[in-house]
Amino acid sequence: SAVISQKPSRDICQRGTSLTIQCQVDSQVTMMFWYRQQPGQSLTLIATANQGSEATYESGFVIDKFPISRPNLTFSTLTVSNMSPEDSSIYLCSVLNTEAFFGQGTRLTVV
Amino acid sequence: GDSVTQMEGPVTLSEEAFLTINCTYTATGYPSLFWYVQYPGEGLQLLLKATKADDKGSNKGFEATYRKETTSFHLEKGSVQVSDSAVYFCALSGTTGRRALTFGSGTRLQVQP
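Taken in sequence, the protein lines are chains A and B. The first sequence maps to residues 1 to 111 in our numbering. The second sequence maps to residues 1001 to 1113 in our numbering.
Treat the hints with caution; some may be incorrect.
[What the hints assert, rightly or not] Among the chain B residues that face chain A by a calculated CB cut under 8 Å, a handful are:
#1 GLY1043
#2 LYS1049
#3 PHE1089
#4 ARG1099
#5 LEU1101
#6 GLY1104
#7 SER1105
[To be verified] Stretches of chain A that chain B covers, calculated by requiring three or more beta carbons in the stretch to come under 8 Å of a beta carbon on chain B:
#8 88 to 99
#9 102 to 110
[Unchecked claim] For lysine to aspartate or glutamate, the following EDC-like pairs were computed, each having C-alpha atoms within a straight-line distance of at most 16 Å:
#10 B:LYS1049 x A:GLU99
#11 B:LYS1052 x B:GLU1069
#12 B:LYS1052 x A:GLU99
#13 B:LYS1060 x B:ASP1084
#14 A:LYS7 x A:ASP26
#15 A:LYS7 x B:GLU1042
#16 B:LYS1060 x B:GLU1016
#17 B:LYS1077 x B:GLU1015
#18 B:LYS1056 x B:GLU1076
Treat the hints as calculated values from the structure; they're not laboratory data. For each residue, glycine too, the CB sits at the ideal point set by N, CA and C.
Chain A on its own, in the form it takes in the complex (with noise of 0.2 Å):
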């Protein structure tokens, strides 16, 4: 199993500013990931986070809003940069060994 500690929790960010989200797992793994979960709405893939080069990202997000770190294999960060209300949703990291683990999210809220 993997235990996964996401922080912030949750936030309440002005538009126009920029939060960056912390992964930290407690063992570790190849493939983590980052998805949104917009209210209402099923998980979304953002982009996978690659140790030593840069992310991978899913059609419809760019590096430029969604700017990801993977320093090493078990710590992952995710800002989201220049935020609007849109941008409010959960985000959550998760990491594949054996199945798939996911942290608790953080509940951003962008007014």
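Add chain B to chain A, keeping to what the hints say.
Same frame as chain A, but now just chain B:
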């Protein structure tokens, strides 16, 4: 690309009723299939999974069978409890190198006493 279609919610049932939440998928090859549950205020938890055709995943009284011929993975429980009230997500893990999960839209289940 891969996709998952779930029945729309919310589903409202009385305690001890039978539950079915339909899930169908589109994917190349033979994906692994999952049901995740999200209880109010909590994170996503794996409920059950199946990795090949005709496999049955089961946990906490819930079951789902991987049906290749109908590309389905319907979730069932014979007798629901109030504590089963949650959002249920069907998901698949692709076979073409993309290891991230593709999720269905989620189905909210409300069980009334």
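Evaluation of the provided hints:
1. GLY1043: OK, holds: GLY1043 of chain B within 8 Å of chain A, min 4 Å.
2. LYS1049: Hint holds; LYS1049 of chain B Cβ to chain A Cβ min 7 Å, cut 8 Å.
3. PHE1089: Holds, because the Cβ-Cβ distance from PHE1089 of chain B to chain A comes to roughly 7 Å (cut-off 8 Å).
4. ARG1099: With a minimum Cβ separation of about 5 Å from chain A (threshold 8 Å), the hint on ARG1099 of chain B holds.
5. LEU1101: holds (6 Å)
6. GLY1104: With Cβ-Cβ at 6 Å, under 8 Å, it holds.
7. SER1105: holds (5 Å)
8. 88 to 99: holds (count 4)
9. 102 to 110: holds (count 4)
10. B:LYS1049 x A:GLU99: Judged against 16 Å, a Cα distance of about 9 Å means the pair holds.
11. B:LYS1052 x B:GLU1069: Roughly 12 Å between the alpha carbons, so the hint for LYS1052 of chain B and GLU1069 of chain B holds.
12. B:LYS1052 x A:GLU99: holds (15 Å)
13. B:LYS1060 x B:ASP1084: holds (10 Å)
14. A:LYS7 x A:ASP26: holds (14 Å)
15. A:LYS7 x B:GLU1042: holds (14 Å)
16. B:LYS1060 x B:GLU1016: holds (14 Å)
17. B:LYS1077 x B:GLU1015: Cα-Cα ~11 Å, so holds.
18. B:LYS1056 x B:GLU1076: Status holds; Cα separation ~11 Å.
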